[in-house]
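Colleague: So the chains spell out like this:
2 protein chains.
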Amino acid sequence: MSDAGSDRGKRPHVVIVGCGFGGLEAARTLGDDGLVDITIIDRSNHHLFQPLLYQVATAGLSAPSIAAPIRHMLRRQRNVTVLMAEVAGIDKQRGQVLLADGQQIAYDHLIVASGATHSYFGREADWAEHAPGLKTLADAFKLRAKVLMAFEQAEVLDEEGARRPWLNFVVIGAGPTGVEMAGTLAEIARHTLKNEFRRIDPSRAQVLLLEGSPRVLQAFQPELSAKAQTQLEGLGVAVRTGARVVGIDAEGVDVEQDGRRERIPARTVVWAAGVAASPLGRNLEVPLDRAGRVIVDGRLNIPGHPEIFVVGDLAAAQSLERDGSSKPVPGVSPGAKQMGRHAAQTIRARIAGRPEPAPFRYIDYGALATIGRKAAVADVGRFQFSGYFAWLFWLFVHVYFLIGFRNRLVVLMDWAWAYWSFARYARVVAETAQPPESAAAPQNMGPERKS
Amino acid sequence: MSDAGSDRGKRPHVVIVGCGFGGLEAARTLGDDGLVDITIIDRSNHHLFQPLLYQVATAGLSAPSIAAPIRHMLRRQRNVTVLMAEVAGIDKQRGQVLLADGQQIAYDHLIVASGATHSYFGREADWAEHAPGLKTLADAFKLRAKVLMAFEQAEVLDEEGARRPWLNFVVIGAGPTGVEMAGTLAEIARHTLKNEFRRIDPSRAQVLLLEGSPRVLQAFQPELSAKAQTQLEGLGVAVRTGARVVGIDAEGVDVEQDGRRERIPARTVVWAAGVAASPLGRNLEVPLDRAGRVIVDGRLNIPGHPEIFVVGDLAAAQSLERDGSSKPVPGVSPGAKQMGRHAAQTIRARIAGRPEPAPFRYIDYGALATIGRKAAVADVGRFQFSGYFAWLFWLFVHVYFLIGFRNRLVVLMDWAWAYWSFARYARVVAETAQPPESAAAPQNMGPERKS
Chain U
104 MSDAGSDRGK RPHVVIVGCG FGGLEAARTL GDDGLVDITI IDRSNHHLFQ
154 PLLYQVATAG LSAPSIAAPI RHMLRRQRNV TVLMAEVAGI DKQRGQVLLA
204 DGQQIAYDHL IVASGATHSY FGREADWAEH APGLKTLADA FKLRAKVLMA
254 FEQAEVLDEE GARRPWLNFV VIGAGPTGVE MAGTLAEIAR HTLKNEFRRI
304 DPSRAQVLLL EGSPRVLQAF QPELSAKAQT QLEGLGVAVR TGARVVGIDA
354 EGVDVEQDGR RERIPARTVV WAAGVAASPL GRNLEVPLDR AGRVIVDGRL
404 NIPGHPEIFV VGDLAAAQSL ERDGSSKPVP GVSPGAKQMG RHAAQTIRAR
454 IAGRPEPAPF RYIDYGALAT IGRKAAVADV GRFQFSGYFA WLFWLFVHVY
504 FLIGFRNRLV VLMDWAWAYW SFARYARVVA ETAQPPESAA APQNMGPERK
554 S
Chain Y
104 MSDAGSDRGK RPHVVIVGCG FGGLEAARTL GDDGLVDITI IDRSNHHLFQ
154 PLLYQVATAG LSAPSIAAPI RHMLRRQRNV TVLMAEVAGI DKQRGQVLLA
204 DGQQIAYDHL IVASGATHSY FGREADWAEH APGLKTLADA FKLRAKVLMA
254 FEQAEVLDEE GARRPWLNFV VIGAGPTGVE MAGTLAEIAR HTLKNEFRRI
304 DPSRAQVLLL EGSPRVLQAF QPELSAKAQT QLEGLGVAVR TGARVVGIDA
354 EGVDVEQDGR RERIPARTVV WAAGVAASPL GRNLEVPLDR AGRVIVDGRL
404 NIPGHPEIFV VGDLAAAQSL ERDGSSKPVP GVSPGAKQMG RHAAQTIRAR
454 IAGRPEPAPF RYIDYGALAT IGRKAAVADV GRFQFSGYFA WLFWLFVHVY
504 FLIGFRNRLV VLMDWAWAYW SFARYARVVA ETAQPPESAA APQNMGPERK
554 S
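Protein chains in written order, with my numbering: chain U, 104 to 554; chain Y, 104 to 554.
A hint or two may mislead.
[Stated by the list, open to error] One-sided and incomplete, this derived list gives chain U residues near chain Y with beta-carbon spacing under 8 Å:
hint	residue
1	His-149
2	His-175
3	Met-187
4	Ala-188
5	His-221
6	Ile-303
7	Asp-400
8	Gly-401
9	Ala-529
Bear in mind the hints are in silico, worked out from the structure with no lab data behind them. Since the model is a prediction, treat every value here as computed from it, not as a measurement. Idealized CB from N, CA, C, for every residue including glycine.
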């Protein structure tokens, strides 16, 4: 640990916005050897391992298993200051980040790594309320409570027709997140909750996965899409491709397929269909792509400002391949991590007067998606495989390459324990019973209990 | 596992309201041998180990470590139906429990075990918002976020005077809960967060414990009160006895002591000073004591209704001692558990036509309170002891006698792991940065980022 405190103020100051995979890797790569001072700003107090967020949403893991306090992770880097704050804007001319409380943080170098949020294709105001997405811990907690309370509500209701919408679960979007959510929901209904209800049979819950394009996991090879669909159906998930969602409300969804329109009653709808770049992208006043991502060059810089880098889901970056071709960098966790590292290496090289690294090249570990507890599909370069082996590979890649907190062995033991116990102890939620809106007025049996 | 399903409807039906220590023990004692059918109703989906709730509030343990899903715990009792619902009232004449959604649940025997909530001595409307209590998981989550965000806010602020209220923590009420909270808050500030901030020194946080009576732990022997105070002060807690709180708002508390009135600026205030019985007590329309608890006889019945039992924090019960004297049963977890068991044994005896158990006698394990990670005070019959040994005793008693979920060894390992890592990984919270109300309007540096 260097004595980085005494030279504070004389060293170049790097500000990092966001402590996801991109921001965290940048902070670590910038190092603690006295070359720079670092301020990292995040609106949350934790770094989140997003690939496993769906496990928190389905009560398979608790939040501390997939997240860690940022300032705890970075405590040994004495040159790093962590601020939990909202960034309101960026002043490129003055070289300052503006916080929502009015403070201005001056930078010599800036790395914007604020990630992505949900996109509801213009139907934000209507749909977001009824079909929550899954990007943050708050999302996962809300979804978890919604799923668990749906079963509880079905158990309390004493009429079969009233129960059905509570036992219908719809997942919109069959990318990796949607596939993982749908598979896990089916497992909860069929295994976890199997013997725990008396008035309902939880295995009669129906999970429906809707996808607008012709196949699930559109970004994977077609053979893997087919395998994934087979595995999902084996778990009891009903999969519908070529199905467009045209309406969402509190009691269900409206779907258009093959020219016909259908109403599906469902009290629990999960949105896994679209992401949009963080609004800070627009704030930079530079060209964006259609998803709102900031177009960056081979150094991950924006035009005209070599001191400003954009990495991760907010960036539309190109990977310069060995054969000289360019491939777009996908919005996945390893991409964010590699970009964060590259930006930090570039900054260090420039400050030290050394040659910069070569233009960014993305090392593709392949696309992975799990389906339930024992299966997955993996698309790795020239290899495609699926099933139990793919699942083990998924686990290895995630733990080895991506975990940024605790000891990897501890994380593995933690997840193994959760897996083995399968009791989903993360089922404990703070929410309490709410009578349904359509309940008859209670008869006057005595003073009404105030909740 | 008995085949309890086929005779459903012909057996006496016992309804239990609340699945805390009293309700859970009653359900288990009533058994699964086919004598009764049981419906247990709780507004939460979990049984809570309340003695360790302060650990969740101070990010020492995560919720699944101290709570378990009710229907998971009772899944093997096939004669038990678990309903997550709010009870709106009780109709003694018709023998029905009324749910908030309008359903009526008929019973042959009723055990009301709905516990206690906070009392703000009539100042509910004003004080509850600023000084949250600690009775449920929702309380603990809110408090945890409040405490952690206070340090984060102090770090972001760049002016010393503005920081001080965020680093002042006030705990009101020096019973076991208040003492435990104050001690743990001091430990967080001095140990857990020690190296993790750059702009503030978290060990300069001040924890103030206010108690209206002349000593802390008023229910313990005076020598133990003195020892507890010494241990608290050793941890850095400022203790003030004979100090009455006369005002609470968003920015601090007003205290009257020795005839003088003082204003203490503090953004985080914890209420640990008073409890009130659940409103279901009034609903029963029977005599209550001053705290709103239902007065019950030696069988734990209410007057005129031998089929209705009240147990736990809702009951004002007497213990018939061996020498014939009566002592009030304290509102503690072992008391609730023993009362729940006694009521269930009485019901079983009556149904089977056997003699009822003797009038209720409370076995007093003694009063225990921890102070930080290594010390406690214990008042057990003729023995009083304190320090590390008392802390071990506390641990033994809690794990052995009170844990109602999982394997005791697993719970012990879980808590041991949390203790040893001391990193308080339960620090991860969903809340995001909120600019303080008094922040200056942000200067117009660009489009404002919508949070």
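Colleague: Next step is simple, just say for each hint if it's right about the structure.
Modeller: Results for each hint:
1. His-149: holds, 4 Å
2. His-175: holds, 6 Å
3. Met-187: Holds - the Cβ of Met-187(U) comes within 8 Å of chain Y, reaching about 4 Å at its closest.
4. Ala-188: holds, 5 Å
5. His-221: This interface hint is violated because 13 Å lies over the 8 Å limit.
6. Ile-303: violated, 11 Å
7. Asp-400: At 22 Å from the nearest chain Y Cβ, Asp-400(U) fails the 8 Å test, so the hint is violated.
8. Gly-401: Hint violated; Gly-401(U) Cβ to chain Y Cβ min 26 Å, cut 8 Å.
9. Ala-529: With a minimum Cβ separation of about 5 Å from chain Y (threshold 8 Å), the hint on Ala-529(U) holds.
Hints 5, 6, 7, 8 from the list above are not met by this structure, while the remaining hints are.
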